[in-house]
Amino acid sequence: MASYLFVRLGQAVLVLLGIVFLTFFLAFIVPADPARMIAGQSATVETVQRIRHELGLDQPLGAQFWRYLRQVARGDLGRSYAQKVEVAALLRSRFPATVQLMAAGILCELLIGLPAGILAAVRRDTWLDRSVMVGAFLGVSAPQFAVGLLLLYLVAFRFALLPLGGYGSLAHVILPALTLGIAGGGWYARVMRSAMVEVLSQDFVRTARAKGLPPAQVVSRHALKNAVLPIVTMVGLDFGTFMGGVVVVESVFGWPGIGQLAWQAIQIVDIPVILGVVIFSAIAIVTGNVLADLAYPWLDPKIRYQ
Amino acid sequence: MADVAVTPRRRRPPQAWDRLKRNRVAIAGLVVVAMIALVAVFAPWLAPYDPAEQFPEGLSQEGRPFGPTARYWLGTDLLGRDLFSRLLYGARVSLLIGVVANGAALTIGAALGGVAGYFKGWAGAVFMRFTDMMMAFPALLLAIALSAILRPSLWIVALVIALVNWVWIARVVYSQMLALSAREFVEAARAIGVPTGRLLVRHLLPHVIPTLLVWGTLGISTTVLFEAALSFLGVGVRPPTPSWGGIINESQSYFLEAPWLVAAPGVAVLLTSLAFNLVGDGLRDALDPQMRGR
Amino acid sequence: MMRRACVMLLAVVLLLPAMALSQGAKGAVVIAFKDDISTLDPAIGYDWQNWSIIKSLFDGLMDYEPGTTTLVPHLAESYTISSDGRTYTFKIRRGVKFTNGREVTAADFKYSLERTLHPKTQSPGAGFFGGIRGAKAFQDGKTKEVTGITAVDPQTLRITLDEANAAFLHTMAINFSHVVPREEVEKAGADFGHKPVGSGAFRLKEWVLGQRLVLERNPDYFLKDRPRAAEIVIQVGVEPSVALLRFQRGEVDILGDGIPPARFVQVMADANLKGLVVTGEQLQTGYVTINTQVKPFTDVRVRRALNMAIDKTKIVRIINNRASPASQVLPPRMPGYDRAYKGYAYDPAAARRLLAEAGYRNGFSTVLYANNTDPNPRIAQAIQADLRKIGVRADLKTLAQSTVIEAGGTRGRAPLIWSGGMAWIADYPDPNNFYWPILSCAARGPGSWNWAWYCNQKAEQMAKAADAMVRADQAAARAERFQAMYRLVMADAPWIPIFNERRFTMRSARLSGSAAIFVDPIHIPVHYDEVGLK
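Residue numbers (numbering that gives the first Met the number 0), protein chains in the order written: chain A, 0 to 305; chain B, 0 to 293; chain C, 0 to 533.
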C-alpha cells in the first residue's frame, strides 16, 4: 500500500501542475485586465501601465508562469492583487469554516439520503417509494439559493430557533448543512435505492427469506455492501467539491468559506487568489478521490490496488 | 457476495414492449415527456403573448410584478413579461440542454469511466488523473473566457456542460466497474473466450444501467440550473431569450416577494426530470425482467 | 444504528440554545456588508465600501463639512494660494497625533504624497497628483523626490503645480492624499492595508478576514467630541436580504449595501420600516455610452435619435422608483448642475424620422454591453426593447464586470454600454470630475473609462479654461463655464443619460445623528465619525 500511495502522490503533483498551467492560461486569455480593475475608474493610462508593470503582467505567458512556479516551490502563494494580503493568509482564514461545512454537509446528505433510499427500496412500488422519489427530485431541482433563503426566513427569522446566518457555533452550521443535505440527499437516496433493489431481487435473498432469516439481517449484510461502493465514490466527490467551496450556500448564510473568496476573486480577475483557490481545491479533490480509491479494496476484497 | 449467473440475455423486443405497455406509471411519464416536447416545438403557436414583450400594465406603479391573473395565467415577471409564454418558449432551451447535453455527458462519462475501470493498468490511471484535473478545473473561469472569445450560442453551452459534467459519471462508473470486473463470472467469461467488447456491453453494462438512470434523470435538473449559471456569465442564451433555469436565476432573490417566478419554472424542471425518470425506470424494467424481481 | 444516530442528532439540535449570536458589544454600532473589505491603505483603497472607512482612520489636509459637499480645511489650519494660482501653502494644525503617539508634521504629508505617486505602491490615485511640479520626473525614476512638494518647516507645507487647477483642493481631501506615518508603513510593508495606522477618528481594533472588522475610538483624536461612537462593528459576507432580516431583529444598525431591491417595495409599504429609511441624492449618473468611433454612431443624428428613443420613466419604474430620470451629464446634487436644461424628450416618432434622415430608415443592428449583476440585465433589456421600437436591433451581452470594462476600454469594441453597476460616481464634488476621466480627449485611449471614445477640442478648451479659475470669487463664473461646456457635450450626444440613483439607507432607531449623515454624498453608507448611539 505504501508504494501505491507513493505513486498516487507523484501523480497528484502532475495533476496539480497541469491544473495550474491550465488556469494560468485561462486567466491570461480572459479579456479582463487585473491592472485596470485595481486602477479603478479615474486612473490615467500611465497609472494603469505602471501598475501592470509592477505586477509583472506585461511579460509573456511563459515567463509569468515560470516565475509563479518558482515562487510556489518556495512555499509562497503570492499576494492578492486587490487586497495586497498574502494568499496563504486568505486561504487559512477560510479553511476552518470550509472544513466544517463540508463535514456537516456530507453528514446531512447521508442522514437524509440513506434512510430514505433504504425505505424506498424495502417498500418498493408503494406510495412511500413514490413519495421518496418525488422528494428526491424536488430536493435536487430546487435552487439552493431559494431553499436556503426560505429556511433562514422560517427557522431563523420567523421562529427564531437558530441564528440568522453567520459563523461561530454549532448552531450556525445547521441550516447551511441542511440546505446542502436537501440538495444532495436526493442523489444518495436514489443510488441507495437502486443498489438495494438490485440485491433484494436476487435469488439468495429469496432463499434467505424462505429459510426464515430476518429481512433486516439480509438487508444489512448484503444489500448495504452492494450500495456502499457508489456511495463511497460520491462521498469522495462531495469531499472534493465542498472543499472547493459552495458559493451559493455560503452567500446566503454569510458562511466565510472558500467559495465566496473564489467568486469575488474571479469577478475582479485577482489571479494570485484564483490560482491559490484552484490549487487548494485541486488538492482537496485529489485527496477525496485517493481516499475513495483506498477504500475500495477494503470494502470489496476482490478489488486490488492499481 | 453472491455472483450473478451468466445467462445469455437475448433481446426479445415484442415482449419488452408488452411489459412496458402494462406499466402504467411509465406510460404516464412518457405522455408527460411527449407533451413537453410538443410544447417546445409548438411554443410559438401555443404562447398567448410574445415572450419578449414588456407590458407597461404588467408591473404595478412601483414596479412590482403580478401573480397569476385572468390575463396573465402565471403572472408577470420583473419586466412585465408574461411568465406563461416565457415558460413555453423556455422549454426549447431547457429540453435541449437537459436531454442533449446531459445525455452527451452521460455517454462520454460512462464509456470512458467503464473502459478505464475494466482495463485498469497504466492507461486507466492516466485517464483517472485526467478526470481529477477536469474536476478541479475552475469552470467559471472557463465560462468567462469562452463568453468573450466565442459567439455565444446554445450549442456552446451544451458543449461546456458535456465537457464539465462527464467527469462525475465517469468516476462513479469507474468505481462500479472495478468491483464488477473483479467478480468470478467475468473471469469465467474470459476463460470461455467471450470477446471483450461483448463482455463489456452485453454483460457488464446492464449492471451499470441503474446508476446511469439516476444520473441521467437527476442530472436533467442540475444541468438546467447549470445552464442558467453559464448564461449568467454570458456563455449561453442571450437575453431576452427565456430558459427555465434563466428565469429561476434572475428571480431567485425575489423569492420571498414573488415566489411564483421561481415556483413555476421550478415545477417545470421537476416534472421534466421526474417524467424522464419514470420512463427510464419503465424501460429498464421492461428490458431486464430479471432485475425487477417478483 | 441509523435510528440511534437520528435520535442523537435531534437531541443535539433541540438542546442547543436558540441564540442570536450578536457579533458586537451592545455599545457598538453594527453595520453589515456583502463583500469583504479589500484594503484600508489610503493610497490603494478605491472602492465605495472602503473609501469611507479609510476616511475615518486617516485624515487629509482638507475635508468636507459632514452631510455636505462644502470643502473646509481639516488637518490644515489655513491655506493661502499664490496670485498665479499655482502655489498652495498650508499651515498644519499642531498637536495632531498618529495612533502610535507621534505628532503629524509637514514632512509626513510630503512622504504620503510621494508614496502615492511612487510606482511601487501601485496606487490608483497617482493620476490625481500628476499636475504637481516634478511629479512625472519622480514617477519616471529621474528624481528621488517630488520637487514641487516642500516641507518648509514642521508646520508648513508648500505645493507648486504646473498649471492652475480649480479642483486641486478637492484632491487634498480625497483618500489618496491622506497622511500616513512612514515608520509604520515601512514596518508593515505590504500588509499596511491590513494593519493601518493613521491619525483619524478611529483606529483598527480587530480584523477577522472574511467575517468582521472592529473599529474603536481614537482617544487622541484632535477633534474632542468626535467620533460619537465608541466602537463600530463591520460584518462582512452578509447577503443584503439576510442583512435586512438581521436589521429587523435588531442585530444590525445600518444596511451597508442599502435596502435589497427585492424587498424594497415591501419595506416602503411597511409603516414601521419606512420611518427608518433615509433618502438622499447621490453624485451619480447612470448612462449608456455611444461609441462615437463605431458606425453608424459616427453620425450625431443617430446618437440624438437614440437619446429620444428611451423611455426613462419606464426604466425608473422597473427599479421601483429608486432613481429619477436624468437629462444631462451631471447629477442634481453636483455644483454646476443645470436646472434649466431639459435634455432630449422621449419621442420615438421623432427618433425614427431622424434615423431615416441619416439614411437608416430600416434601422440597423448593433451590440449593447451590460454588467450581469441585478438589476442591470433588466435595465439593459428595457433599453433593448426601446431601441427595438425605433428599428435598432441591439444584441445584448450581459457579462462579468471586468469583461465589460475591458471591452469599453478597447478601441472599436463596444458600440453601446449600459454603465450601471460600474460607473459613474464622483471622486469629489466638482463638475470637472465628470469630464476629465470619462469624456475628455486627454482620457481617450486604450484602458480609459471614456467608453464613448469622445473628443471635442472646443469642450476640452472650455474645461481647461474653467479649471484655471481658482479664486473663490470666480466660483459662480466657473460653474457657468461648465454648464456651457456640458450643453455642448449633450448636443454631441455621446451618452444617453438615463437616471440619477437616489440613495436609500436604513438605520435603526437607536442611532443618533441627523438624517443628513446617512445620505452624506461623500461618505457611503454613513459618515462614521458622526454616527452614534442614543
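These are computed hints drawn from the structure, not numbers from a lab.
It should be emphasised that the depicted structure is a prediction, and the values quoted were computed from it without experimental measurement.
Incorrect hints may have been included.
[As the list claims (entries may be wrong)] Which chain A residues stay away from chain C? Per the calculated CB distances, all over 12 Å, these:
#: 1; residue: Val6
#: 2; residue: Ala11
#: 3; residue: Pro30
#: 4; residue: Asp32
#: 5; residue: Ala34
#: 6; residue: Arg78
#: 7; residue: Glu197
#: 8; residue: Ser250
#: 9; residue: Ile278
#: 10; residue: Leu290
#: 11; residue: Leu293
[What the hints assert, rightly or not] Where chain C lies over chain A, by a calculated footprint (3+ residues, C-beta under 8 Å):
#: 12; segment: 12-21
#: 13; segment: 122-133
#: 14; segment: 146-160
Quick reminder that beta carbons are idealized off the backbone N, C-alpha and C, glycines included.
Each hint, compared with the structure:
no.	hint	result
1	Val6	36 Å, holds
2	Ala11	28 Å, holds
3	Pro30	5 Å, violated
4	Asp32	6 Å, violated
5	Ala34	8 Å, violated
6	Arg78	6 Å, violated
7	Glu197	20 Å, holds
8	Ser250	5 Å, violated
9	Ile278	18 Å, holds
10	Leu290	22 Å, holds
11	Leu293	24 Å, holds
12	12-21	violated (count 0)
13	122-133	violated (count 0)
14	146-160	holds (count 7)
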